[in-house]
Structures are given as C-alpha cells and as structure tokens.
Amino acid sequence: DSGVTQTPKHLITATGQRVTLRCSPRSGDLSVYWYQQSLDQGLQFLIQYYNGEERAKGNILERFSAQQFPDLHSELNLSSLELGDSALYFCASSVSRTGGPGETQYFGPGTRLLVL
Amino acid sequence: QQQVKQSPQSLIVQKGGIPIINCAYENTAFDYFPWYQQFPGKGPALLIAIRPDVSEKKEGRFTISFNKSAKQFSLHIMDSQPGDSATYFCAASAEGGGSQGNLIFGKGTKLSVKP
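Same order as they appear, the protein sequences are chains A and B. Here the first sequence stands for residues -2 to 113, numbered as in this note's numbering. Here the second sequence stands for residues 276 to 390, numbered as in this note's numbering.
Read the hints as simulated data drawn from the structure, not as lab findings. Among these hints, one or two may not hold up.
As the list claims (entries may be wrong) - Sample of chain A residues facing chain B (criterion: CB under 10 Å; computed from the structure):
(1) Gln38
(2) Gly39
(3) Phe42
(4) Ser62
What the hints assert, rightly or not - Chain B is nowhere near these chain A residues, computed Cβ spacing over 10 Å in every case:
(5) Val1
(6) Thr4
(7) Pro5
(8) Leu40
(9) Ala53
(10) Glu59
(11) Phe61
(12) Asn74
(13) Val92
(14) Thr101
Glycine included, every Cβ here is placed at the ideal spot set by N, Cα and C.
Working from the sequences, and respecting the hints, build out all of it.
In structure tokens, the structure reads:
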C-alpha cells in the first residue's frame, strides 16, 4: 500500500458528461501528480500541483482541469467526456516541490474511467 | 514525440531465467532513470532507480545497467520468479522546472515468468 488513496475505483459515464476524480496524497507529501494510462499512449503525465499551486503541465486537454485544496487532497475534473477519455487515471504524490531526480513518486491504485 | 523508447513490449521467460528490458532516451538533460513495477489492478511502484554517474546499480535480484554515451539503460531480473510477472516501466526525468522535471515513461513491458 503506497499510502495514496483514490476514489472512486471505477466510474462509468456517458459521452458529454463531467466527472471528478479524487486523490489524497501520502501523509506529509506536498506534491500531487495526475497521470493517464491507456493502452495506446501508456502512462502520460497530465499535471502537477505543489502545496495548492499548479507547478507543471503535461499532455492535459483543455477539457480537463485539476486543483489541490488546503488539506492537500486533489481533484481532477474531466468534462465533455469523449469515448477516447476511457482510461486509468493515477494520482501520485511526493514529498517536495521538485518531483525530479531522486524523488520517489508514490502512485495510488487508480480510477478506471469508462465512457460509453 | 516519444522521449523514452522501451522494448520489448512483452517477454516470456522460464522461472530462473534472466529477463532483460531495454530503454533508450533522446533528451540528454535526463539525469534520473527509475524503473516502476505494476501488477494488475494496482498503481506503479518504484522498483529501482539510477543516476547517470554510475554504470550499474543492484538491489536484490534487480540490476540496472546504464550506458550514458549510447543513451540507453536496461533492467535485468536475476533468478526470475513467477511472482515477478508484472508490467515494467522505465522512466526518465530531468532536474529543473516545468514538465521536464516530471517523469516521462516508456510504454511498458509485460513480463510473464512461467513456473
């Protein structure tokens, strides 16, 4: 168990809808990362927050947004959902801001999103 | 643009064999190379990592070999066991700001170790 929790585990919704995925980082971790894992694209970095502020953006669509709250939990909002958004969404956390060399990212169990 | 290329996509070995997974990178600014292990239904978990100032690192049955000039690194699993059956991801990141400081993953290798 990594100490990172994600809810819900599974989510089934329809095209055009909006969903919110939730992540609680490990105790003491200030950085939260969101990743999308699909069969064709693999694991892709979406966005990082550090202590409530956006720190880095990756391949995140404009229909997607995220935020990190004062208690450090994070939410990933996916709107105007398309079939191609079906994927596993992982949250990871790390201790500090850099998220770079030498800093381990701890992954949660993921949320499996199915858009019908 | 795929910055970290991983091969093979899948690998089947017998128990006790030594599976080798290879990764190649393009960005010379990368200076941290972790390997993650992922079991079905679970999130990836850090297995072992290396910096480019060493050519090899061992942790238990897992060894990373690193070739800076070739921009390649590989994972060797000694005396592989059925419990090692999982998907393995290599990754890379660079110190500094922006998304380059975040992990760029290879596409993964599904390893199956037969009893």
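Okay, the hints, checked on the actual structure:
no.: 1; hint: Gln38; result: 8 Å, holds
no.: 2; hint: Gly39; result: 4 Å, holds
no.: 3; hint: Phe42; result: 5 Å, holds
no.: 4; hint: Ser62; result: 16 Å, violated
no.: 5; hint: Val1; result: 7 Å, violated
no.: 6; hint: Thr4; result: 14 Å, holds
no.: 7; hint: Pro5; result: 14 Å, holds
no.: 8; hint: Leu40; result: 4 Å, violated
no.: 9; hint: Ala53; result: 5 Å, violated
no.: 10; hint: Glu59; result: 16 Å, holds
no.: 11; hint: Phe61; result: 15 Å, holds
no.: 12; hint: Asn74; result: 20 Å, holds
no.: 13; hint: Val92; result: 13 Å, holds
no.: 14; hint: Thr101; result: 5 Å, violated
Consistency note: the structure conflicts with the earlier hints numbered 4, 5, 8, 9, 14.
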